[in-house]
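Asker: Chains as they are written, first to last, in the numbering used here: chain A, 40 to 429; chain B, 40 to 429; chain C, 40 to 429; chain D, 40 to 429.
Among the hints, erroneous ones may be present.
If several chains are the same, the list does not tell them apart, and a pair holds so long as it fits within one copy or across any two.
[Unchecked claim] Here are the computed lysine-lysine pairs in the DSS-like style, where the Cα-Cα straight-line distance is at most 30 angstroms:
| no. | residue 1 | residue 2 |
| --- | --- | --- |
| 1 | Lys252 | Lys343 |
| 2 | Lys183 | Lys93 |
| 3 | Lys344 | Lys257 |
| 4 | Lys183 | Lys165 |
| 5 | Lys297 | Lys257 |
| 6 | Lys183 | Lys367 |
| 7 | Lys252 | Lys99 |
| 8 | Lys343 | Lys182 |
| 9 | Lys343 | Lys257 |
| 10 | Lys161 | Lys283 |
| 11 | Lys93 | Lys161 |
| 12 | Lys344 | Lys252 |
| 13 | Lys424 | Lys93 |
| 14 | Lys283 | Lys343 |
| 15 | Lys150 | Lys424 |
| 16 | Lys161 | Lys99 |
| 17 | Lys257 | Lys99 |
If you are wondering where the hints come from, they were derived from the structure by calculation, not from laboratory data.
Protein chains: 4
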Amino acid sequence: MSRSIGVGIVGTGFMGQAHAMAFQSAPLIFGTSVNVRLVAIADINLAAAQATAKRFGFAKALGSWQELIADPEIELVAITTPNALHADIAIAAFAAGKHVYCEKPLSADLKSAEAMVAAAGKAGTKSLVGYNYLRSPAIAYAKKLIADGAIGHVTYFHGICDEDYMADASTPFSWRCRQDTAGFGALGDLASHLVSVARDLVGPITRVVADQKTFIEKRPVPSAGDGTEKRDGSAVATTGEMRKVENEDTAHALVQFKGGAMGTLITSRAHWGRKAHLAFEIFGTEGSILLDHERMNELQIYSKKSDDPATNGYRRIPIGPEHPFYGKFSPAKGHGIGFNDLKIIEVALLLETLGGGAAAYPSIPQAMEIERVLHGIVESASSGKWVELG
Amino acid sequence: MSRSIGVGIVGTGFMGQAHAMAFQSAPLIFGTSVNVRLVAIADINLAAAQATAKRFGFAKALGSWQELIADPEIELVAITTPNALHADIAIAAFAAGKHVYCEKPLSADLKSAEAMVAAAGKAGTKSLVGYNYLRSPAIAYAKKLIADGAIGHVTYFHGICDEDYMADASTPFSWRCRQDTAGFGALGDLASHLVSVARDLVGPITRVVADQKTFIEKRPVPSAGDGTEKRDGSAVATTGEMRKVENEDTAHALVQFKGGAMGTLITSRAHWGRKAHLAFEIFGTEGSILLDHERMNELQIYSKKSDDPATNGYRRIPIGPEHPFYGKFSPAKGHGIGFNDLKIIEVALLLETLGGGAAAYPSIPQAMEIERVLHGIVESASSGKWVELG
Amino acid sequence: MSRSIGVGIVGTGFMGQAHAMAFQSAPLIFGTSVNVRLVAIADINLAAAQATAKRFGFAKALGSWQELIADPEIELVAITTPNALHADIAIAAFAAGKHVYCEKPLSADLKSAEAMVAAAGKAGTKSLVGYNYLRSPAIAYAKKLIADGAIGHVTYFHGICDEDYMADASTPFSWRCRQDTAGFGALGDLASHLVSVARDLVGPITRVVADQKTFIEKRPVPSAGDGTEKRDGSAVATTGEMRKVENEDTAHALVQFKGGAMGTLITSRAHWGRKAHLAFEIFGTEGSILLDHERMNELQIYSKKSDDPATNGYRRIPIGPEHPFYGKFSPAKGHGIGFNDLKIIEVALLLETLGGGAAAYPSIPQAMEIERVLHGIVESASSGKWVELG
Amino acid sequence: MSRSIGVGIVGTGFMGQAHAMAFQSAPLIFGTSVNVRLVAIADINLAAAQATAKRFGFAKALGSWQELIADPEIELVAITTPNALHADIAIAAFAAGKHVYCEKPLSADLKSAEAMVAAAGKAGTKSLVGYNYLRSPAIAYAKKLIADGAIGHVTYFHGICDEDYMADASTPFSWRCRQDTAGFGALGDLASHLVSVARDLVGPITRVVADQKTFIEKRPVPSAGDGTEKRDGSAVATTGEMRKVENEDTAHALVQFKGGAMGTLITSRAHWGRKAHLAFEIFGTEGSILLDHERMNELQIYSKKSDDPATNGYRRIPIGPEHPFYGKFSPAKGHGIGFNDLKIIEVALLLETLGGGAAAYPSIPQAMEIERVLHGIVESASSGKWVELG
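Between the sequences and the hints, there should be enough to build the whole structure, so can you do that?
Answerer: Here it is, written out as structure tokens:
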């Protein structure tokens with residue numbers, strides 16, 4: 040760990056804190072070739088920035104992202120704000136010659152996402168988008184299995200990412216319900232992860248036809264503003280007024296992959312009973328793979344090549360040190376890793392990228408492909424036609 | 040059981056035998072108001088008809104369905120032949136004033152299916168199509184739950200029916216691969232069941248957009264002709280030639296229901312690892328229901344209305360005497376019923392229909408709606424456009 | 040089916056009816072070498088006997104088992120009464136030179152069970168005890184796997200058979216709670232099945248140490264007498280009085296098998312949430328097998344001999360035509376069979392035994408070994424010492 | 040975090056590193072009232088101590104535990120060595136007036152464990168034993184459910200803790216196979232956790248009867264000495280000689296709890312297919328709870344008190360912020376935590392204990408009760424008699 044990189048984080052919410060923890064832990068757990076200095080954390084709420092800085096040991100607490108980007112000590116800017124702010128911050132960071140680590144999706148609209156890509160290209164610095172499920176040992180191992188031909192040529196990808204955090208019609212309006220702050224609804228929050236997985240495991244998506252719907256058309260206006268949301272079931276005070284939801288609760292698409300596979304993508308933030316339900320079934324000419332990330336420490340595989348048809352069936356594989364990344368956390372199968380460990384893996388990959396190692400996927404330009412699928416879904420849902428993503 | 044009805048079955052394959060067993064067992068198990076006389080069984084292979092007649096106690100064995108329909112003792116004709124023969128037999132049976140019990144789907148093409156409906160209308164006799172999964176206690180109970188409002192208003196139906204019986208490229212060509220004998224591929228064999236369930240539980244489908252593909256384009260020609268197929272993994276002798284498969288291995292669709300729900304339908308006969316995998320996830324405004332018919336004796340329910348969020352989660356309900364039909368088979372939960380029992384339930388419902396009770400769903404005219412969804416999928420897969428189903 | 044055997048059934052409860060159905064269906068489904076004539080059914084309640092005779096087509100309905108045994112047309116006597124009557128009926132049947140098919144366990148006490156064995160020996164006719172779970176394809180296949188060495192030498196058998204049909208303290212007293220009518224509690228009703236499986240798969244048990252308890256010491260007295268029980272949750276009228284339960288709700292034992300394996304046996308009729316929960320985990324030097332009969336159509340296998348540690352894990356095997364008996368019911372994996380089908384298999388095996396084929400296990404003398412394990416458990420629970428079973 | 044405590048860790052293996060990570064992360068994640076200074080880490084292999092010190096930021100690296108205890112800056116000594124060293128280190132640490140955090144089990148023999156307890160008593164400082172599964176949100180919530188009466192009075196605890204890390208006869212001899220270094224085999228490594236859970240959830244165990252066996256009697260001698268073990272499947276060089284295993288592969292016991300419940304405890308390090316399989320089923324008069332820690336982020340509950348018998352069944356509860364500790368890691372259900380997070384929770388509880396908060400369970404004196412159950416099992420396995428633990 041000869042070299043140390045100065046890190047600044049924008050945002051102090053759940054994701055901001057997860058980043059802070061990951062920047063602390065990743066060098067210790069992975070013994071990364073690049074070390075970390077926690078230079079500054081910024082939040083429009085300065086008190087929040089100060090508290091988080093103290094807790095995690097950042098040298099400075101700042102009240103604006105502009106100050107953070109102006110800090111010459113900071114080489115890497117991590118962006119964990121609501122989607123609509125991603126573009127401005129990233130573009131400014133690139134302009135200042137910084138590396139950028141940005142939460143997904145890229146932005147609230149296509150145009151600003153494209154501007155981010157252009158800025159990244161001009162800067163020539165490095166970037167990574169926080170598609171953390173790609174770091175999951177089970178998913179990374181599924182990718183390896185497919186690449187190794189374990190299930191032959193992929194013919195079908197069936198993916199779902201649904202939750203129930205807005206299934207209740209009484210859950211208040213938040214920034215997630217607005218076009219100007221969030222852009223997409225479930226597509227941006229949930230399906231973006233699903234598309235990242237589909238892309239990484241099965242390859243580019245070339246065509247989509249889609250449909251979407253806002254089942255809960257109006258939601259109660261929260262007394263404290265719509266800047267925050269609650270996912271833990273606790274009650275939020277409301278004003279008694281209702282406000283129109285501006286994006287989709289549920290969307291789905293039929294897709295075609297460049298490699299010839301068919302696929303479905305289903306997403307919803309209003310599916311009762313589902314929590315972090317990122318799930319897929321991938322079928323190939325020689326076998327299949329099943330995953331439900333609510334049980335992130337296991338994977339199921341069926342292989343045509345069984346010695347005996349009488350004993351063939353899905354194997355439930357417990358994730359262990361034979362699989363990607365896991366051995367950094369435990370030498371024993373079955374122990375299990377958790378969600379926050381995914382962020383630690385992601386930061387370790389990012390640090391190796393910065394240290395000159397292989398670039399982690401996806402950079403901001405690479406993530407544009409995921410964005411185009413999401414916008415293609417919206418376009419098709421509106422036009423009723425197949426959309427070419429060429 | 041004052042009245043007894045004369046039954047003739049056409050076909051001696053797995054389904055023909057399942058019908059024969061069900062006609063024997065249903066009156067005993069259900070104590071139906073109408074009894075059964077096994078008058079005749081017909082097969083183009085007379086020896087097969089004779090063996091089956093002897094085994095199950097049919098009075099006569101016949102070498103043609105025409106003879107069976109001509110028999111005045113027969114009041115009900117059960118049709119278990121390959122799809123392409125359904126229409127001719129059913130139409131002749133209706134013309135002879137018989138009741139008709141026909142395996143699904145209605146026919147190999149839309150026109151002949153419509154002719155069946157017309158013949159049924161003219162005859163005025165009764166009919167039932169063998170959508171046996173509708174008889175499954177778990178599925179029938181899911182229907183009741185939805186009707187009772189247990190999950191509120193349905194917003195999403197996610198259905199899959201896939202198997203792997205033609206996943207192996209070396210599996211020989213059979214009648215199921217031909218347009219003239221089978222019509223549909225996976226759509227007719229598998230998705231027809233799925234559509235019957237979607238329709239019965241969630242209501243009419245009004246629009247579809249779809250895609251389909253034949254992944255295994257050519258298959259080895261079997262030495263013994265393509266009249267039969269093997270699903271038990273035993274080898275079939277082949278000639279060394281290959282023949283083009285004429286229908287889809289895999290199809291999928293986005294659908295819209297009349298009641299406002301969105302849905303997906305996915306089907307394949309080439310999905311490794313799946314056996315009788317008819318599965319659905321139904322989401323509503325107040326809860327959700329999950330079912331995988333490979334575990335046909337259980338159902339999962341999530342209800343928003345829990346006393347305590349900390350203990351809410353999917354309930355795995357073991358099917359028992361509290362659920363439809365099950366109590367006829369066992370007084371105890373957990374014992375479990377099997378596939379053949381579904382056919383017994385179906386025949387019991389049919390016998391009650393014939394005895395003047397409530398008509399079992401779907402009659403041949405009612406099943407036309409299912410057929411239209413399947414043909415709409417094929418049409419959309421060809422046109423690339425949403426198809427309106429009226 | 041040149042030969043036909045005259046059958047008489049004693050008892051018209053759930054098991055009596057299951058026998059009647061099985062005697063009707065087994066010859067059709069299995070094409071057994073011996074056919075069946077349903078000569079008579081007897082019940083102390085003559086009206087019940089008459090109704091059942093009419094429903095299933097028995098030639099005669101009788102009001103006592105003595106009349107049934109006296110009938111010269113009857114060659115096989117099937118006993119489905121409460122346990123305490125088994126011995127008298129079986130001994131009389133043997134004395135009359137009949138074959139005997141008896142429900143489990145053998146009797147309510149050790150002495151009368153021994154008398155049954157002696158009578159069987161003297162008669163020289165054939166017998167079978169209704170340990171129907173041994174007929175389950177999954178369990179029969181587990182037996183074959185073990186015999187074939189698939190998991191090496193067995194080191195551990197962990198078995199549970201528990202239900203909740205008497206978990207509710209308000210469930211009334213019944214004949215199952217009495218020493219003179221039932222003998223054992225959960226041990227006779229449930230653990231007897233478990234011991235039959237342990238014995239058949241792993242071999243003789245030579246030593247046991249055990250404990251047992253009656254958690255619900257008194258139960259309400261039913262108004263209608265204690266001859267019947269209800270398992271379907273419907274309410275039973277009670278007198279307001281309470282009666283002492285005379286046998287165990289729960290029992291468990293550590294055991295040693297002749298072959299060197301260790302084992303546990305756990306049983307309860309008061310374990311909330313469990314239905315027909317016969318489950319085992321069998322470990323060997325080369326692998327392991329898991330089964331939960333609430334999901335009777337699947338089996339899990341882990342084998343040390345995997346090509347790749349990274350893909351090793353439990354395989355969930357769907358029961359299909361490759362496994363014992365299943366192919367008689369369906370040519371397709373995943374269809375699933377049910378509890379009543381187990382009785383059909385059992386009767387088919389019995390008919391082949393009577394036709395001179397291999398003797399189905401266990402005959403009444405063979406079942407004595409199971410009985411000794413159960414009595415050994417009771418003895419050890421009382422003495423606090425290991426009991427040798429010779 | 041006004042106060043900061045000096046920490047020294049003895050041992051640099053998996054557990055030593057897990058402790059180091061946990062001491063770093065716990066204050067950040069939990070915002071504990073007491074902060075941590077990483078003063079020193081000691082290992083008999085000084086180079087290992089130096090590397091670990093550098094990686095995690097300990098001020099000093101030491102080559103002996105004696106030096107560590109002599110360090111006046113160290114207030115808390117964490118012991119992660121093989122079992123046989125626990126007593127000497129702990130006793131010396133107590134004598135030096137330090138607090139002690141010790142991995143489980145207490146020691147390799149009863150006498151030295153008792154000496155640890157005596158030393159703890161004399162010192163009057165605080166201690167905690169690393170029974171980390173007690174920190175699992177699912178298990179901690181199960182404890183709360185039981186305490187709240189959710190399943191009524193507990194009648195049965197059925198617990199298993201088995202793995203397959205020594206199932207392969209070719210796995211080399213290690214310190215875990217010796218009486219003088221490990222003491223117990225599976226009992227100490229695995230069953231100790233199980234007993235900690237049984238005790239914490241159901242209360243004291245008063246009687247046991249048990250059996251145990253060493254199935255693999257001899258193991259190959261590793262070339263590099265038996266100080267280390269491998270669990271990750273990688274090959275270890277061996278000398279060609281074999282050495283006698285001195286402790287049990289498998290053990291099991293029937294137990295009685297003070298509160299009247301019956302129980303079984305089963306443990307093995309030779310059960311193929313099992314990984315971190317700590318599992319229990321707890322039955323009570325009003326319901327039951329199931330847990331399998333291989334799926335540590337879920338819990339199953341069955342409650343008698345259902346509104347409708349037709350919809351009653353086991354609820355699979357995803358662990359979330361409503362359950363103990365989880366909210367510190369994520370605001371969203373379904374994200375999941377991992378094994379290392381349990382150690383973070385444990386250290387947070389320990390820090391609060393040191394800060395004057397409620398004492399975490401179990402202290403070294405409290406852990407003696409767990410030890411006595413394990414020794415009672417060994418004694419009963421030898422004597423063949425029930426052992427009173429009073």
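Asker: Each hint: holds or not?
Answerer: Hints and how they fare:
no.: 1; hint: Lys252 <-> Lys343; result: between (39 angstroms within a copy, 21 angstroms between copies)
no.: 2; hint: Lys183 <-> Lys93; result: neither (41 angstroms within a copy, 34 angstroms between copies)
no.: 3; hint: Lys344 <-> Lys257; result: between (53 angstroms within a copy, 21 angstroms between copies)
no.: 4; hint: Lys183 <-> Lys165; result: within (25 angstroms within a copy, 49 angstroms between copies)
no.: 5; hint: Lys297 <-> Lys257; result: between (39 angstroms within a copy, 22 angstroms between copies)
no.: 6; hint: Lys183 <-> Lys367; result: within (18 angstroms within a copy, 33 angstroms between copies)
no.: 7; hint: Lys252 <-> Lys99; result: neither (44 angstroms within a copy, 58 angstroms between copies)
no.: 8; hint: Lys343 <-> Lys182; result: both (18 angstroms within a copy, 25 angstroms between copies)
no.: 9; hint: Lys343 <-> Lys257; result: between (50 angstroms within a copy, 19 angstroms between copies)
no.: 10; hint: Lys161 <-> Lys283; result: neither (39 angstroms within a copy, 53 angstroms between copies)
no.: 11; hint: Lys93 <-> Lys161; result: neither (35 angstroms within a copy, 39 angstroms between copies)
no.: 12; hint: Lys344 <-> Lys252; result: between (42 angstroms within a copy, 24 angstroms between copies)
no.: 13; hint: Lys424 <-> Lys93; result: neither (53 angstroms within a copy, 58 angstroms between copies)
no.: 14; hint: Lys283 <-> Lys343; result: between (51 angstroms within a copy, 23 angstroms between copies)
no.: 15; hint: Lys150 <-> Lys424; result: both (22 angstroms within a copy, 28 angstroms between copies)
no.: 16; hint: Lys161 <-> Lys99; result: within (29 angstroms within a copy, 46 angstroms between copies)
no.: 17; hint: Lys257 <-> Lys99; result: neither (41 angstroms within a copy, 61 angstroms between copies)
Hints 2, 7, 10, 11, 13, 17 from the earlier list are contradicted by this structure; the remaining hints agree with it.
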